[in-house]
Amino acid sequence: MHLHHPHDGHGHGAPAPSGAAARRPDGTRRALRLGLGGPVGSGKTATVAALCRELRSELSLAVVTNDIYTREDAEFLLREAVLPPERITAVETGACPHTAIRDDISANLEAVEDLEDAVGPLDLVLLESGGDNLTATFSRGLVDAQIFVIDVAGGDDIPRKGGPGVTTADLLVVNKTDLAPYVGSDLDRMAADAKAQRGHLPVVFQSLREEAGVDRVAAWVRERLAAWRA
Amino acid sequence: MTRAALLLLADGRFPAGGHAHSGGAEAAVRAGLITDAASLEEFCRGRLHTSGLVAASLAAAAALGVDPGDLDAAADARTPSPALRAAARRLGRQLLRAARATWPCAGLDLLARRFPKGAHQPVVLGAVAQAAGLEPLDAAYCAAYESVGGPATATVRLLGLDPFDATGVLARLAPATDRVADRAVRAAREALDTGVDALPAASAPLLEISAEVHAARTGRLFAT
Ligand SMILES: Nc1nc2c(ncn2[C@@H]2O[C@H](COP(=O)(O)OP(=O)(O)O)[C@@H](O)[C@H]2O)c(=O)[nH]1
Ligand SMILES: [Mg+2]
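The listed protein sequences derive, respectively, from chains A and B.
Per the working numbering, the first sequence runs over residues 1 to 230.
Per the working numbering, the second sequence runs over residues 1001 to 1224.
Calculated from the structure, these hints are not laboratory results.
Note that the structure is predicted; figures quoted are calculated from it, not measured.
Incorrect hints may appear among the rest.
Simulated pairs of lysine to aspartate or glutamate, EDC-like, Cα-Cα distance not exceeding 16 Å [as the list claims (entries may be wrong)]:
hint: 1; chain 1: B; residue 1: LYS1117; chain 2: A; residue 2: ASP114
hint: 2; chain 1: A; residue 1: LYS195; chain 2: A; residue 2: ASP170
hint: 3; chain 1: B; residue 1: LYS1117; chain 2: A; residue 2: ASP117
hint: 4; chain 1: B; residue 1: LYS1117; chain 2: B; residue 2: ASP1076
hint: 5; chain 1: A; residue 1: LYS161; chain 2: A; residue 2: ASP193
hint: 6; chain 1: A; residue 1: LYS161; chain 2: A; residue 2: ASP144
hint: 7; chain 1: A; residue 1: LYS195; chain 2: A; residue 2: ASP157
hint: 8; chain 1: A; residue 1: LYS195; chain 2: A; residue 2: ASP156
hint: 9; chain 1: B; residue 1: LYS1117; chain 2: A; residue 2: GLU116
Sample of chain B residues at the chain A side, in silico, Cβ under 7 Å [as the list claims (entries may be wrong)]:
hint: 10; residue: PRO1015
hint: 11; residue: THR1035
hint: 12; residue: ALA1098
hint: 13; residue: LEU1221
hint: 14; residue: ALA1223
Where is the CB? At the ideal position from N, CA and C, for every residue including glycine.
With the rest of the complex left out, here is chain A (with noise of 0.2 Å):
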């Protein structure tokens, strides 16, 4: 049971600090949050929409975004309808997004926090990033686990240039593959490159313009939620 306090929404005392713990002053596990980063363009909010259209009938699901200087991709998810406009935030992060998801993650916490006492207990949230280059990843004390979106578009050899996001997100994913042929990205190559960057790590290839969607990346958030709850 999750017990709402009219002063801090938390039970007794003040919410704890840090981000990193794993359960609610209540002792139920709290929402597990999954982070999206990748390059601009990639196909994070696409993503992120594709998700909770597929996630939210079985999950309670918010998202936080943070915007590099405008609210456009909360604007996006919120246009699409893909949630209730209170299950969505926008953090806004001062030229430096990266900053906000690893240095200082301040203000994303803030707004899960948030969005679990308006509209908790909450199972799912994702956090999606500005959007920035290859070395941007998320801090353990903000998110549980990471995604990174990389798209065909975006030159063949980024699964074999690495960098934190490709060589250490929890997920891999390389979206865009109906681009492809127009490009002229060699996905064989490219899922070799991302094997040898990532060892046992999964990389998912997909196509948010067809039938199987995001489905793959579904499967994997509803393997780590089964993971974060047991």
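Fit chain B with the ligands to the given chain A structure using the hints.
Using the frame of chain A, we list chain B with the ligands on its own:
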């Protein structure tokens, strides 16, 4: 107590949300008021002697043990812009989170319970300085320096200003920062005896007005 805690607290890398704020510099850049190091210096000097002084006094008073509720109300009264009031509370909440993890203690937990949505950042800063074993003067220095350090860093990002020029600006403001911190502590001691009305209420109307304009603007890089 350790003085070194001051270095931690005053470091721009202390993870308390400040990086997303320009202290009015973005609005000033957009309005053509900051264009180079010289105009940045003038902007910062104005800020230091107005909102910087007020923030430093609030921080020193909180570190001296003046009631945070009174100080939060005093901060409200000295901040006409609703956007700046909201931002100050958000930053206060973020600072409190970082500080409770950094210097865990009952005093800060109590503050978090009393202000679940945050108190004005300088008020929290003073309480945090106290929790870290620092003096009211340290808290005042922190607030005064922050009031100019934030805009200087933001201007480097906004204008591509030479970072050496920006640090030069901050160095030239150091003597004025000393005086502001001293003055803030004197006012804070007076507030401890006679109440928060003794705190300075220096304001910069243009900062308040442009903060409102900025808050309504789309396509901004910094929250304030
Ligand atoms: N062809 C194709 N376009 C896609 C796919 N996924 C996303 N897009 C498009 O790519 C553009 C950028 O996507 P977005 O999700 O906003 O990228 P973000 O910057 O990473 O959030 C949008 O126009 C999407 O419609 C895909 O699988 N195939
Ligand atoms: Mg996006």
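Now for the hints, and whether the structure bears them out:
{"no.": "1", "hint": "B/LYS1117 with A/ASP114", "in the structure": "9 Å, holds"}
{"no.": "2", "hint": "A/LYS195 with A/ASP170", "in the structure": "13 Å, holds"}
{"no.": "3", "hint": "B/LYS1117 with A/ASP117", "in the structure": "11 Å, holds"}
{"no.": "4", "hint": "B/LYS1117 with B/ASP1076", "in the structure": "14 Å, holds"}
{"no.": "5", "hint": "A/LYS161 with A/ASP193", "in the structure": "9 Å, holds"}
{"no.": "6", "hint": "A/LYS161 with A/ASP144", "in the structure": "25 Å, violated"}
{"no.": "7", "hint": "A/LYS195 with A/ASP157", "in the structure": "13 Å, holds"}
{"no.": "8", "hint": "A/LYS195 with A/ASP156", "in the structure": "14 Å, holds"}
{"no.": "9", "hint": "B/LYS1117 with A/GLU116", "in the structure": "14 Å, holds"}
{"no.": "10", "hint": "PRO1015", "in the structure": "4 Å, holds"}
{"no.": "11", "hint": "THR1035", "in the structure": "18 Å, violated"}
{"no.": "12", "hint": "ALA1098", "in the structure": "6 Å, holds"}
{"no.": "13", "hint": "LEU1221", "in the structure": "4 Å, holds"}
{"no.": "14", "hint": "ALA1223", "in the structure": "4 Å, holds"}
Violated hints, listed in ascending order, are 6 and 11; each of the other numbered hints is respected by the structure.
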